[in-house]
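Asker: Given next are the chains, with one letter for each unit.
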Amino acid sequence: MMLQIENLHAEVDGKAILKGVTLSLGAGEIHAIMGPNGAGKSTLAYVLGGRPGYRITGGSVRFLGQDLLALEPHERAAAGLFLGFQYPVEIPGVSNVQFLRTALNAQRKGRGEAELSGGAFLKVARAQADALGLSMDMLKRPVNVGFSGGEKKRNEMVQMGIIDPKLAILDETDSGLDIDALRVVGEGINRIMRRPDKAVLLITHYQRLLDVVKPDFVHVMADGRIVRSGGPELALELEREGYAADIAA
Amino acid sequence: MTMLALPSTREEAWRWSDLSGLPALAGAPHRARRRPAALPWLDAGVRGKDEPEASRLLFVDGVFQPEDSNPGPLTIGSVGSSAHGHPLGKLAEGQGWSLTLGPDHATPGRIEIIHVATGGANHLSGRIVLADDAQASIVETFIGDGWANRLTEIELGKSARLMRAVRLAQTSGFTSLRDQANIGEGASLDNIMLGAGQAGSRIDAALTLGGDGAFAEMSGALLARGEQRHDANVVVRHAEPGGTSRQVWRAVTDDAAMASVAARVEVARHAQQTDGEQSLRGLLMKRGATINLKPELEIFADDVKCAHGATVGELDRSALFYLASRGVPPVEARSLLTHAFIADALSRIGEEPVRDAFIADADAWLGAAA
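These protein sequences, in sequence, are chains A and B.
Read in order, the letters of the first sequence are residues 1 to 249 in my numbering.
Read in order, the letters of the second sequence are residues 1001 to 1370 in my numbering.
No lab work stands behind these hints, which were simulated from the structure alone.
A couple of the hints might just be wrong.
[To be verified] Result set (DSBU-like, lysine-lysine): computed pairs, CA atoms no more than 35 Å apart in a straight line: (1) 152/A to 1158/B; (2) 1294/B to 1305/B; (3) 123/A to 15/A; (4) 1158/B to 1090/B; (5) 19/A to 140/A; (6) 109/A to 1286/B; (7) 1305/B to 140/A; (8) 140/A to 1286/B; (9) 166/A to 214/A; (10) 1090/B to 15/A; (11) 152/A to 109/A; (12) 1294/B to 1090/B; (13) 152/A to 166/A; (14) 166/A to 109/A; (15) 166/A to 198/A.
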């Protein structure tokens, strides 16, 4: 099992948000989590990424056999977890290239691998930027500064392509994208992550991303729990009928 | 031993200064009067066949070292400087170095000056006089330990251009600088400071834009840890119309250190179309550290554009988490963000080798925190 979440409880500022999430992802699988606003979807992503400010009050998470919750955020990344942000952060004064090279080499170092030289890194970066339709000029600019919403999301995918993680947790990567950008980003996810040894947890509000990135499993999250699970047909049903039945449940 | 009369912290311009170590240093002997084995020249002496030999001066405890120097157009001796009663500057009146360039002259390459202190106190003047359209670039570096006190006078003729960058890199003791400049019509002064050693400092400057359309930049990065104190007090006076001034200061303090910047822009009544900008920002690495920022404007003209901003904060937590989520360990993430913060000021150094060397010094300082 790639990721095994058991009865996970978490709170923010004393308020319980996750109230017993249980979910397993196997290698080669793409899972989608859908659900109404406030269901705890983004909290689940942040808790798995290790963002400070969330208190785990119960349950466990195992990632590739390790206790994920015992790892620092950067150690989770080095172990192969990638968190795609709903709102990618702007970092003035630090170029994308510098940021990503530092990140990639820190991960490689953490895994006991040799660091990439500047030239080798730029080659990898160029290939990923080309595939996502971002210019190298943009990668030389400060991280996400002056990027449009769509460019920030493409940049998340460029980062994912360069880092080449085992598991990607993508928090509303489709929000703020027009139809063309959605296709580019969706195809990026397929290209980078649709592999027998990888897995994806897609958090989304809408069916439209799932037309491009076809999930193997769809889960409905409501009030801090997974309330329903099914195959891809569940997403279509939710698109038609909404979450009313799940919220009432 | 002469009596040392120091300003009191009750005086507004000195309220954040810590001069308490100076009387002991003033009374102490110089320890070695010898230069260290390695000197941090930017230009390592390697140059192309057609490149002129750069000028360099070495002072140890304020004493000129001819065997390690190549004065070129610079002269050593009585400078005839006046600090106009400035309490620290006046101690440095008299002997020192001077650079006088005639109209349209430029120095052959960059001038480098290294000041080594070996304990005790040393006082020295510098005087830079550039005639119309003359141009020079000077880098000064302070190393060692002890109290190095400097008075620097700058006189720029019409359209003259001076680039000056100063690194404070003493391992202990104190460095005090008093800069006085008069900038003529269309002339420009770029004055950029880096405090990245372990010694305390006082940077004191009074720059006057004394001709139409003059430009003055007085910026810097002050990095302090332990009990270290940096204190900058800058007054930029727009005396004539059409002048532009920039003051970009970045302060970083760790542990129980303190950095203070008081930056003032004065605009005289007829100095219309003045464009003055001050950006003062501080970054606290620990709760016990202190940063004082005091931007001041005194404007008597009415057609003036003066922007100023002052903020003090900690590293952006969401940026730290974003970096961590990509695998950057906390120490590296902090140093990457701090580097970017300091670069706001140091990237204003126009000459690439100088900028690179200053940024490398700042990075070394940040690395030492790890």
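Asker: Each of the hints needs a verdict: does it hold here or not?
Answerer: Comparing the hints with the structure gives:
no. : hint             : verdict
1   : 152/A to 1158/B  : violated (48 Å)
2   : 1294/B to 1305/B : holds (19 Å)
3   : 123/A to 15/A    : violated (46 Å)
4   : 1158/B to 1090/B : holds (28 Å)
5   : 19/A to 140/A    : violated (42 Å)
6   : 109/A to 1286/B  : holds (28 Å)
7   : 1305/B to 140/A  : holds (33 Å)
8   : 140/A to 1286/B  : holds (31 Å)
9   : 166/A to 214/A   : holds (18 Å)
10  : 1090/B to 15/A   : violated (64 Å)
11  : 152/A to 109/A   : holds (27 Å)
12  : 1294/B to 1090/B : holds (25 Å)
13  : 152/A to 166/A   : holds (22 Å)
14  : 166/A to 109/A   : holds (17 Å)
15  : 166/A to 198/A   : holds (5 Å)
Hints 1, 3, 5 and 10 from the earlier list are contradicted by this structure; the remaining hints agree with it.
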